[in-house]
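Q: The chain contents come next:
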Amino acid sequence: MSTLIDPGLMGDVLKFGAADVTACYSCGNCTATCPLADNDASFPRGIIRLAQVGLTDDLVSSKELWTCYQCGECTTKCPTQADPAEFMATSRRYAIAHYDKSGLARVFATKPAVGWLLVVVFAAIFAGFFMTVRGPADANALVLFDFIPYPVIHWTGIGVMVLVAVFAVWGVASLARDMARKDQVTWKELTGSAEGRRRASKALWYSLGIESLGQRRYREDCVDSAPIEPLYRRRWLIHALTLWGFLGLMLATGLDYGLDVAGIKATGTPVPLWYPTRALGTVAGLALLYGVTWFIIKRIQRAGVASRTSTPMDWMFLGLLWVTGLTGFLIEVALYVTPAPTWGYWVFLVHVAIALELVLFLPFTKFAHAMYRPVGLFFYSLAKQRTDAG
Amino acid sequence: MSEQPNSTDDAAIPERRIGVYICHCGGNISDYVDVEAVREALKDEPDVIVSESPVFACADGTQHDMIDDIDGQHLDGLVVASCSPKLHQVTFRNMSNRAGLNPFSYTQVNIREQTSWAHTHDRAGATEKAIGLVRAGVAKTRLSVPLVPLVVQTKPRTLVVGGGIAGLRAAIGLADVGLDVLVVEREDQLGGWMGRFGPTFPRDLAGRDEIAALVAEIDSRRDITTYVAAELTGKSGSFGNYSAEITLHRAQGDKVLTLEVGSIIVATGFDTYLPEAGEFGYGIDGVVTLPDFKALVESSTGRLTRNGKQVRSVAYIYCVGNRQEAPGNEYCSKFCCAATIHESIQVSRLDPTVRQFHLHRDVRAYGKAELLYSESRELGSTYLKFPDDEPPAVATLPDGRLGVTVVDLLTGRRELTLPVDLVVLVTGMVPRENTGLTNLLKLPLGTDGFYNEIHPKLRPVETVVDGVLIAGCCQGPKTAGESVASGMAAVAQSAAILKKGYAELDPLVATVTADACTGCMACVSACPYSSITPISWDGHQIASIDASSCKGCGGCVPVCPEDAIDLLGYTDAQMRAAIEALVKEPVG
Ligand code: HEM
Ligand code: SF4
Ligand code: SF4
Numbered sequence: 001m002s003t004l005i006d007p008g009l010m011g012d013v014l015k016f017g018a019a020d021v022t023a024c025y026s027c028g029n030c031t032a033t034c035p036l037a038d039n040d041a042s043f044p045r046g047i048i049r050l051a052q053v054g055l056t057d058d059l060v061s062s063k064e065l066w067t068c069y070q071c072g073e074c075t076t077k078c079p080t081q082a083d084p085a086e087f088m089a090t091s092r093r094y095a096i097a098h099y100d101k102s103g104l105a106r107v108f109a110t111k112p113a114v115g116w117l118l119v120v121v122f123a124a125i126f127a128g129f130f131m132t133v134r135g136p137a138d139a140n141a142l143v144l145f146d147f148i149p150y151p152v153i154h155w156t157g158i159g160v161m162v163l164v165a166v167f168a169v170w171g172v173a174s175l176a177r178d179m180a181r182k183d184q185v186t187w188k189e190l191t192g193s194a195e196g197r198r199r200a201s202k203a204l205w206y207s208l209g210i211e212s213l214g215q216r217r218y219r220e221d222c223v224d225s226a227p228i229e230p231l232y233r234r235r236w237l238i239h240a241l242t243l244w245g246f247l248g249l250m251l252a253t254g255l256d257y258g259l260d261v262a263g264i265k266a267t268g269t270p271v272p273l274w275y276p277t278r279a280l281g282t283v284a285g286l287a288l289l290y291g292v293t294w295f296i297i298k299r300i301q302r303a304g305v306a307s308r309t310s311t312p313m314d315w316m317f318l319g320l321l322w323v324t325g326l327t328g329f330l331i332e333v334a335l336y337v338t339p340a341p342t343w344g345y346w347v348f349l350v351h352v353a354i355a356l357e358l359v360l361f362l363p364f365t366k367f368a369h370a371m372y373r374p375v376g377l378f379f380y381s382l383a384k385q386r387t388d389a390g
Numbered sequence: 001m002s003e004q005p006n007s008t009d010d011a012a013i014p015e016r017r018i019g020v021y022i023c024h025c026g027g028n029i030s031d032y033v034d035v036e037a038v039r040e041a042l043k044d045e046p047d048v049i050v051s052e053s054p055v056f057a058c059a060d061g062t063q064h065d066m067i068d069d070i071d072g073q074h075l076d077g078l079v080v081a082s083c084s085p086k087l088h089q090v091t092f093r094n095m096s097n098r099a100g101l102n103p104f105s106y107t108q109v110n111i112r113e114q115t116s117w118a119h120t121h122d123r124a125g126a127t128e129k130a131i132g133l134v135r136a137g138v139a140k141t142r143l144s145v146p147l148v149p150l151v152v153q154t155k156p157r158t159l160v161v162g163g164g165i166a167g168l169r170a171a172i173g174l175a176d177v178g179l180d181v182l183v184v185e186r187e188d189q190l191g192g193w194m195g196r197f198g199p200t201f202p203r204d205l206a207g208r209d210e211i212a213a214l215v216a217e218i219d220s221r222r223d224i225t226t227y228v229a230a231e232l233t234g235k236s237g238s239f240g241n242y243s244a245e246i247t248l249h250r251a252q253g254d255k256v257l258t259l260e261v262g263s264i265i266v267a268t269g270f271d272t273y274l275p276e277a278g279e280f281g282y283g284i285d286g287v288v289t290l291p292d293f294k295a296l297v298e299s300s301t302g303r304l305t306r307n308g309k310q311v312r313s314v315a316y317i318y319c320v321g322n323r324q325e326a327p328g329n330e331y332c333s334k335f336c337c338a339a340t341i342h343e344s345i346q347v348s349r350l351d352p353t354v355r356q357f358h359l360h361r362d363v364r365a366y367g368k369a370e371l372l373y374s375e376s377r378e379l380g381s382t383y384l385k386f387p388d389d390e391p392p393a394v395a396t397l398p399d400g401r402l403g404v405t406v407v408d409l410l411t412g413r414r415e416l417t418l419p420v421d422l423v424v425l426v427t428g429m430v431p432r433e434n435t436g437l438t439n440l441l442k443l444p445l446g447t448d449g450f451y452n453e454i455h456p457k458l459r460p461v462e463t464v465v466d467g468v469l470i471a472g473c474c475q476g477p478k479t480a481g482e483s484v485a486s487g488m489a490a491v492a493q494s495a496a497i498l499k500k501g502y503a504e505l506d507p508l509v510a511t512v513t514a515d516a517c518t519g520c521m522a523c524v525s526a527c528p529y530s531s532i533t534p535i536s537w538d539g540h541q542i543a544s545i546d547a548s549s550c551k552g553c554g555g556c557v558p559v560c561p562e563d564a565i566d567l568l569g570y571t572d573a574q575m576r577a578a579i580e581a582l583v584k585e586p587v588g
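The listed protein sequences correspond, in order, to chains A and B. In terms of this note's numbering, the first sequence opens at residue 1 and continues consecutively. In terms of this note's numbering, the second sequence opens at residue 1 and continues consecutively.
The shape of chain A in the complex, shown without the other chains (with noise of 0.2 Å):
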């Protein structure tokens, strides 16, 4: 059978990034010594193929490009200085817009001018809105769900989590169905026997729990290229620090919530710094801080390959991250302070602002690596399994 090619393909990746990959000539250095191009996984050459002969299918629904954990040793090893790491970062990009029916990925990524102009509007409409709705500010105590009404954050928060639960799910799910089709994965042949199932739970497993929370290729095999950094700025550290510091920040505010639906403590009722769910917030929020951070200054020192380039898509993640994390930290420092300050309550709306923007952009920026990567690594493993198997 002949597909016929897009001969398009190329010029539109290359407005996502990735300008030096026209030199490649597919000579294979760069599969060769990628630490993760394994079970007979040509990438990235094979990748940077079927973008240069115009196969979009194949290359946006590629389980590689979310294989590849951009450790770079691609690009250092590349004959004609293509950085092949660079254009497995750019075709992120590009799959990303090409699984986001709103266009606002395209967008931020092909055009940071008005990419950068919707976040302060995005940003100011919720800021706004708080504003129009806000309580008073009490002078002594900061009682910040005076200031923003709980009721409003937990609303609009919910609202936001639904639109991008809309998107979100649309986009796993058709990035699910075309790499189950390109692997040739049913479902029926996932729950229809025991030994499907069997399978699909080790997937599961391996790509949300080894991979996911444990990093572990990250970990083991991504290496940077050398010299190795010392470990308190290595990657893998700084990325887990980040991960688990969001989803502990997650999982404090939904333990909060629980236990104001559980009728045990109220959210918003000052608590000492012990208290579980407030010192798992804090450890969480510093770590996050901490990561984020790092990520930041490694891209401005331009340390490595991966983040020696940097595209508008990756400041906007950092950007958004850094913002919501160094503000909760700072409403922590406000709580002690007495008499409280008004800058506190200023801060707290910023805080609530720029995290409702960083959930809702969630599928449109480089965030949206968090839903897709478990994707591409649950059929990877699916892959290896079917390969180890015979």
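Simulated from the structure, these hints should not be mistaken for laboratory data. No residue lacks a Cβ here, since even glycine has one placed at the ideal position from N, Cα and C. Where hints are given, some of them may not hold.
Simulated pairs of lysine-lysine, BS3-like, Cα-Cα distance not exceeding 30 Å [said to hold, decoys possible]:
hint, chain 1, residue 1, chain 2, residue 2
1, B, Lys309, A, Lys182
2, A, Lys77, B, Lys385
3, A, Lys202, A, Lys188
4, A, Lys77, A, Lys188
5, A, Lys15, B, Lys385
6, A, Lys15, B, Lys309
7, A, Lys77, B, Lys368
8, A, Lys298, A, Lys77
Which residues of chain B face chain A? A few of them, derived with a C-beta cut under 8 Å, are [as the list claims (entries may be wrong)]:
hint, residue
9, Asn28
10, Leu410
11, Thr411
12, Arg413
13, Thr447
Covered stretches of chain A, as calculated for chain B (at least 3 residues, CB under 8 Å) [stated by the list, open to error]:
hint, segment
14, 2-11
15, 24-32
Based on these hints, arrange chain B with the ligands on the given structure of chain A.
A: For chain B with the ligands alone, coordinates are given in the frame of chain A:
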């Protein structure tokens, strides 16, 4: 004309003093041939005065010994039994000359390629064969007569056939070394292919401008005369003294000039391969050849357009008519990869958004063209390698675009269909139709149809026809730079022939024994070089052979019913004596 002894009767042969040297060639000969036994068998042959068996006959020291022997023993004949004459005949002829011995009284016997190497498993048989061969050599030498090279005066003028880049540059080179030059160009205009081209690789210089510069230079030279719309239609005379008949095609009718020249440089160039109908879709609108595409790119200003329509994507199919048995040719045309890549860069400069796919079996952008290959990729060209036995196919797609279906080895052998606006068939070079000229000059063609040089490395511009040199693509595919270089080589070779003012010709030519010739003229048609003409002698007609144009091929000898023709150096008597010696009862 000279008379030759025509009998093998021993009494008629004057006594000779011959030296025989049987070479060991290190061990190349002596490992398989009992060299000492050969010497033993030869040392008492009649007229053999000296017999030696050196380790290396060609060594300087051995040559000195030979010179001493010739001098001291008053030798008048020499036989060296060693390797092929192709290797050392000239060596020993020169040595004979230095020793004062006529070089044509020297005979080389090949007992290496024809004996030791051929019979490595039969030492006795090889030795026996060597003895026979050396005896034959001695017998032939006993009947040798001193011969002197024929000296002819040469005309300091060269005719260049073909006014393309190679011919024009050669013309200036010839003038630079002080030779008169005539340039004959078949078309109405000088310049050939390059004269029609805009920017060309490697450095974007326009072919047109390069030709214009050469033509301006030629116009300023008084010793170069050019004729356009003109052809070489006749040639007579011999090496150094050709008389060339040039026909000028003029509106008023043809005009014929006869001009004397010493040498001829043929630089008639090439044609481009014309695909067969249906070959890679040739014939479908939008499927064009490389020269057509080049013209298209050059005529496009702003965007790349064809018939008023913008071209957004191009597929190049490489090696059309090349590197395959049929249709087309088996050789590689050398220039086309680089030319296509260069053209694709021109396209990218015109409009960087044009998507270009290069479908190839290999990219042979050798040497500095490698840089163009990189540049084209960086500008966005994509290269697809298809398997030798699965060539691409071209068809029209339902939407009107062209569909090129190709198996890409680098995309895991996937079969892809590329929808494109234009398909360029990268056509190579084919030999130009030139039968008239080829027959006129008697130039040998290779199986590929291009003119054959004598030796691809050592004598790349000379042909077997003395004084006729080949330059540029008429000899085989070349880039413009290589064509000019071969033109300059032809200049050097022309100068080597003509600047002395005279030429020495090999005296090994055919002669007619006037008394025996009945004038039947059967020999005339046997001579491929038209060297035999009737003359009247002693009241009747006989054949006469022009020594300066005779190549000594011997074609006429067996044709003569009267045995009236002999080949000097290889006379009937000599050959007969050699055969008799060869079949003489072997020793031991
Ligand atoms: C769900 C599983 C996840 C996996 C397997 C994963 C993996 C990765 C990998 C391999 C990279 C480096 C490549 C790149 O820059 O694109 C990366 C980048 C990043 N990830 Fe994750 N990630 C996950 C989820 C998350 C989450 C939940 C967060 C935090 C909110 C997060 C935060 C980041 C950040 C900030 C970067 C950017 C690093 C930089 O700018 O250099 N990731 N992730
Ligand atoms: S990206 Fe570089 S190393 Fe990889 S195939 Fe292309 S040229 Fe080779
Ligand atoms: S960046 Fe690292 S993981 Fe990604 S393709 Fe290159 S070598 Fe492999």
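Q: If a hint holds in the structure, say so; if it doesn't, say that too.
A: Hints and how they fare:
1. B:Lys309 to A:Lys182: violated, 38 Å
2. A:Lys77 to B:Lys385: holds, 23 Å
3. A:Lys202 to A:Lys188: holds, 16 Å
4. A:Lys77 to A:Lys188: This hinted pair is violated, its Cα atoms lying about 42 Å apart.
5. A:Lys15 to B:Lys385: Holds, at roughly 26 Å.
6. A:Lys15 to B:Lys309: holds, 26 Å
7. A:Lys77 to B:Lys368: holds, 24 Å
8. A:Lys298 to A:Lys77: Holds, because 21 Å separates the two Cα atoms, which is no more than 30 Å.
9. Asn28: violated, 47 Å
10. Leu410: holds, 5 Å
11. Thr411: holds, 5 Å
12. Arg413: Check failed: Cβ of Arg413 of chain B comes no nearer than 12 Å to chain A, outside 8 Å.
13. Thr447: violated, 35 Å
14. 2-11: Check passed, 8 qualifying residues.
15. 24-32: holds (count 3)
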